[in-house]
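Chemist: So the protein sequences, as listed, match chains W and F.
One point on numbering: in the working numbering, the residue at position 59 of the first sequence is 60, and numbering is uninterrupted.
One point on numbering: in the working numbering, the residue at position 166 of the second sequence is 167, and numbering is uninterrupted.
Each hint should be verified, as a subset may be incorrect.
Any copy will do: because identical chains look the same in the list, a pair fits if it lies in one copy or spans two.
[What the hints assert, rightly or not] Listed below are the simulated PhoX-like cross-link pairs for lysine-lysine, each with C-alpha atoms no more than 25 Å apart in a straight line: (1) K23 - K272; (2) K111 - K92; (3) K232 - K108; (4) K268 - K92; (5) K92 - K126; (6) K232 - K135; (7) K23 - K166; (8) K268 - K232; (9) K272 - K232; (10) K6 - K342; (11) K342 - K111; (12) K232 - K324; (13) K92 - K141.
If you are wondering where the hints come from, they were derived from the structure by calculation, not from laboratory data.
The structure presented is a predicted model; accordingly, all values stated were derived computationally and were not measured.
Number of protein chains: 2
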Amino acid sequence: MEKQKIYNFSAGPAVLAVDVLKQAAEATVNYNGHGMSILEMSHRSVPIVDMVTETRQLIRQLLNVPENYKILFLQGGASLQFSMIPMNILKDDETADYTDTGAWSAKAIKEAHRYGNVNVVCSSKEAVYNHIPKQFEQSKNQLYLHLTSNNTIYGTQWHEFPDTKGFLVADMSSDIFSRPIDVSPFGVIYAGAQKNMGPAGVTMVIVREDLIGRSERNLPSMLDFAMHADKDSMFNTPPIFAIYVVNRTLHWLNELGGVDAMYEQNKSKAKLLYEEIERNTLFTSPIAEEDRSLMNVPFVFADGGDEAHFLNYCAERGMVTLKGHRSVGGFRASIYNAMPKEGVEALVNAMQQYL
Amino acid sequence: MEKQKIYNFSAGPAVLAVDVLKQAAEATVNYNGHGMSILEMSHRSVPIVDMVTETRQLIRQLLNVPENYKILFLQGGASLQFSMIPMNILKDDETADYTDTGAWSAKAIKEAHRYGNVNVVCSSKEAVYNHIPKQFEQSKNQLYLHLTSNNTIYGTQWHEFPDTKGFLVADMSSDIFSRPIDVSPFGVIYAGAQKNMGPAGVTMVIVREDLIGRSERNLPSMLDFAMHADKDSMFNTPPIFAIYVVNRTLHWLNELGGVDAMYEQNKSKAKLLYEEIERNTLFTSPIAEEDRSLMNVPFVFADGGDEAHFLNYCAERGMVTLKGHRSVGGFRASIYNAMPKEGVEALVNAMQQYL
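This is chain W alone, in the form it adopts within the complex (with noise of 0.2 Å):
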């Protein structure tokens, strides 16, 4: 297959575990010895019904979601949840607060704005979203603070989040399983799959029960997230390979002993990248250092330099896209739960010897 190991450092879609992509390959042509691809089975068929099941039981069990959470595979990535969501759970006449953190998080602001009163308490645009705002006023009588956990294109993470009167809606779409969180304080958490749980093509959401059918509004049936949840997200036919490589990854991630031991190895990934980039002078990094993502680490030449020509230095040693957001420059290492240690390393090998 290889001639030289390939390190893909892509924002996503994302490095995925070389196992699970074996493990994909395998049920594209013979799901479990069934004889038949994966991709020829009905989603109304047993072994694939069992399959998403357990998924979800996975989903439960990893990031200890409490009873009252319905765990839905839908499609549309996080894009239609910016819209689904206020469609679904904010009336009229409420008021739901945004932190604008990143593109995303300006993204999901637009597309809320149709619905309720969408109030933007906090943003750091104007330092290129280069830290996380910490003080800002919350409205009076809001419904939930929306943020976006891991903003992707910037590099910054709420490493806290913050109290709320009402409760906490998160696209989670670049952190999801890269650490533990408690899952209580949140109305809704969904993430798209390519980052860090699967391929593009499913998004996963986590809704609280008494949530499902709040806005009371009138929604076409595949918006609607009370028809998802009350037909097991098998309204219609769901995106069932994109879901197996999820079950794969989510069995991996359990094996390697859980979001807890992941936490762990995703910090000591990103300190060493860090300390190589506060240590060696070529390089510096953009972002308030309280605020610097586990997950995707941007940087730039300290005083100028050939971009280019550093990227296929990488590129030479099997590290690719590595090239910075064109919002930001620079580079960006994304360093996701499948990205081994082995590749950081490699990284900070030719940070150091470059030049």
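Once you have looked at the hints, place chain F on chain W.
Modeler: Only chain F this time, still in chain W's reference frame:
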């Protein structure tokens, strides 16, 4: 891989070509020698953008899609299109005609009722949808006429499309690419991939450009045809793996001679099976002869019998998922493009040798 060749007669997700599955498995480990899985690759990377562009071109070529139509890859299946289409093109004071020829038509009607005036112009429901209505009056001020080109559950198919004053809108999920069609009378053609194109998780929408943005509603970005058309289906992360399997399936179809050649094969496979149903006194078809589907063939015992016994008998011979839908009973053989003629022959043999 296999002890016995399995013929999968599932109505969807359904049989795919063996070569397509092998290529999909390969790409799941290492996509075209890039050293990464296709599941790990950015949707903005050159190889992936090229693949998606090529898939669009293949669709345009295979179906002779005129230049004034956009081809979109969306999520949410036909079920989301039931809402998205009227939401995007039907104004509140306008009328759309809907034909009711089966469970999926009825679902399309239910969702469309939230927009404009929906006029159900015909229904074969009273006859358990065993035929396609021929005589019906359309609205004078009709914007479009909606139909389900093939009714997966009941096994009927529109072999000729009705004339309209407006334009046609069709759910072709279960017979797309199975026969040549003239796209020009259609304003929108849509199809979930999981029957004749690929796995569940991607929906193809072919929409006439002048209809994009037509309703002037302020829609969520993810539900707005204009947004997806403007961004070449990359407004957010598309379901790349599913699109890739579609790409491979269309290459396979192209190499077999395209939809004209496939149509001949499909007619010949269906003829084999329908002739056996007519000849064999054990079995009968509940469907009006002139409306019988080339894709889904329901049949029942002529004078009763032990259905489970026949299903087991077939399963022992490697023929699976032949159980009829609960609303029809009996048996259903879905013989989509990727079902080889040998599969139909094996079924005919089983029917001949049974008892």
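Chemist: Could you run down the list of hints and mark each one as holding or not?
Modeler: Quick rundown of the hints versus the structure:
no.	hint	in the structure
1	K23 - K272	neither (30 Å within a copy, 41 Å between copies)
2	K111 - K92	both (17 Å within a copy, 24 Å between copies)
3	K232 - K108	between (29 Å within a copy, 15 Å between copies)
4	K268 - K92	neither (40 Å within a copy, 53 Å between copies)
5	K92 - K126	neither (28 Å within a copy, 38 Å between copies)
6	K232 - K135	neither (40 Å within a copy, 35 Å between copies)
7	K23 - K166	neither (46 Å within a copy, 53 Å between copies)
8	K268 - K232	neither (39 Å within a copy, 37 Å between copies)
9	K272 - K232	neither (44 Å within a copy, 38 Å between copies)
10	K6 - K342	within (13 Å within a copy, 43 Å between copies)
11	K342 - K111	neither (37 Å within a copy, 52 Å between copies)
12	K232 - K324	between (42 Å within a copy, 22 Å between copies)
13	K92 - K141	within (16 Å within a copy, 39 Å between copies)
Going down the numbered hints, you'll see the structure goes against 1, 4, 5, 6, 7, 8, 9, 11, while the others check out.
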